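*Asks:* What follows is the residue order along each chain.
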Amino acid sequence: MNKRANRVYWMLFIMMLILGLCFAIDGIRAEKHSADDSTISGQTMINNENNTAEAASEELTDDEDTTEEEETTEGTTIDPALGERVYESFYNGQAFVGDSIMKGFSTFASKSEAPAWLKNVVFLSKTSWGIGSALDANGPFFRGREQSVCTSLSEIKPKRVFINLGINEMNGLGSPGYSIEKLINKYSEFISKLKETIPSAELYIINITPCTAEKETAIFRNSTIKDFNTALEAKCEEWNVNYVDLASGFGDVLLPELSSDNFVHHNDKAYREIWLPCLERIAVEHTPEETIEAIEKELEASEDATGEVSEDR
Amino acid sequence: MFKRISALLLVSALVLAGCKEKNEESVSISSLYDSISPMAEGTLVVMDDSYISNYYGIDTADLSEYVFAQSDNPKSAETIIMFRCADEEKLKTYSSAVENSLSQREEELANYDLPDEAKLVKNAKVTKKGDFVYLVISDMGSDMSKIIKDSI
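Protein chains in written order, with this note's numbering: chain A, 1 to 313; chain B, 314 to 465.
Since the hints were derived computationally from the structure, they do not count as laboratory data. Keep in mind the model is a prediction, meaning the values are calculated, not measured. Treat each hint with caution, since some may be false.
To be verified - The calculated lysine to aspartate or glutamate pairs, modelled on EDC-like cross-linking and capped at a C-alpha distance of 16 angstroms, are:
(1) K111/A <-> D362/B
(2) K111/A <-> D372/B
(3) K119/A <-> D362/B
(4) K111/A <-> D361/B
To be verified - So these bits of chain B aren't anywhere near chain A, every CB distance computed over 10 angstroms:
(5) N413
(6) P428
(7) K441
(8) F445
(9) D452
Idealized CB from N, CA, C, for every residue including glycine.
Model the full assembly from the supplied sequences, consistent with the hints where possible.
*Replies:* Here is the structure:
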């Protein structure tokens, strides 16, 4: 009995040793894992940095390879490096207000492929939002709170506000009791309130983009969107705000390859190929020439300084 | 004597094994996200600091680790949020901010006639465990949450 008990204790002892060894190996592996594994923020930052570095190196290569100027959609030409600075200075800290299409753009802005100048834009977007509800107290979620868009804008104090609203109401325009005129009047109220809230801000009204041909119905038609945009453009002059023609970049109908849902929402290709060039063009068109010249001089000075440092090395 | 030592060793080993989960360094949010994000139905986008600050009012400098990912489709509710914050007050404020966002998200999706997506948001809960906060909104939410729960 005693011998058998001793054998059991020996076996127990060996098992303890194995267990201890397992703990030791586990500990070493965990340590190695934690060393290898950076935090998600670290990883994201590293990835972003890599992307930025890649983008920067691509830009540098472009600059070295060619001195060709980038041509924007309406023929405005600007050197790409200068363009980046101009867009950055024009959009940094500015507000973009809109519905789910804008929400999609805000998500696109977080992607690594989004340009640096889009990274510090403040988005105030809400799915299923529209002109009729733009003045409601429960506007887009901002800094952890649901509040009216005017309250948020008074906190942001942007120099420029870009607004894209109305697609959700295009359906209603085909219903009795609704009309383009009534909707424009609602827009007018919104503009007045914005001017009262942020009097020094420049307002940019982005027109409504089309839906896919397949999803047009008797009461939701691209021709209605077009009519609304025509009325909106005329009113923008009266309101003394800027009209941004984004829709023409899409043509008469939204092509399925530019839509995320084959309806009205945009995909990355649309944001990249239609939205970005349109906004870049707006930035160039609305930046005073002397500002562009000042940015250009700054850029040349920083390039000279970089060149000098390289030569010193 | 030998009997006593062995018994003591056995008890110690069992106690150690029981405490192992709590004593060892918790799994990183990065690894957790990597393990659960492939279960998502749609394409998730890891949102940047600027968005997190503007939308949730969260200063990411206060977080030791974080991921705020959401579907790139505005008509989808799919979301994965995980963060660690050592400051108790800030942890409370930040988790409330995430919680507050749920009612608007639910309203947005319900108004858009997406009742299934709205229901996902309605059933979602912000969970706090120590300095760790997480929220999962997805068809696979319960499976993802279980993985998170078992790992922290």
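*Asks:* Hint by hint, note whether the structure agrees.
*Replies:* Hint by hint, here is what the structure shows:
| no. | hint | verdict |
| --- | --- | --- |
| 1 | K111/A <-> D362/B | holds (12 angstroms) |
| 2 | K111/A <-> D372/B | violated (19 angstroms) |
| 3 | K119/A <-> D362/B | holds (9 angstroms) |
| 4 | K111/A <-> D361/B | holds (8 angstroms) |
| 5 | N413 | violated (6 angstroms) |
| 6 | P428 | holds (13 angstroms) |
| 7 | K441 | holds (16 angstroms) |
| 8 | F445 | holds (13 angstroms) |
| 9 | D452 | holds (18 angstroms) |
In this structure, the hints that do not hold are numbers 2 and 5, in rising order.
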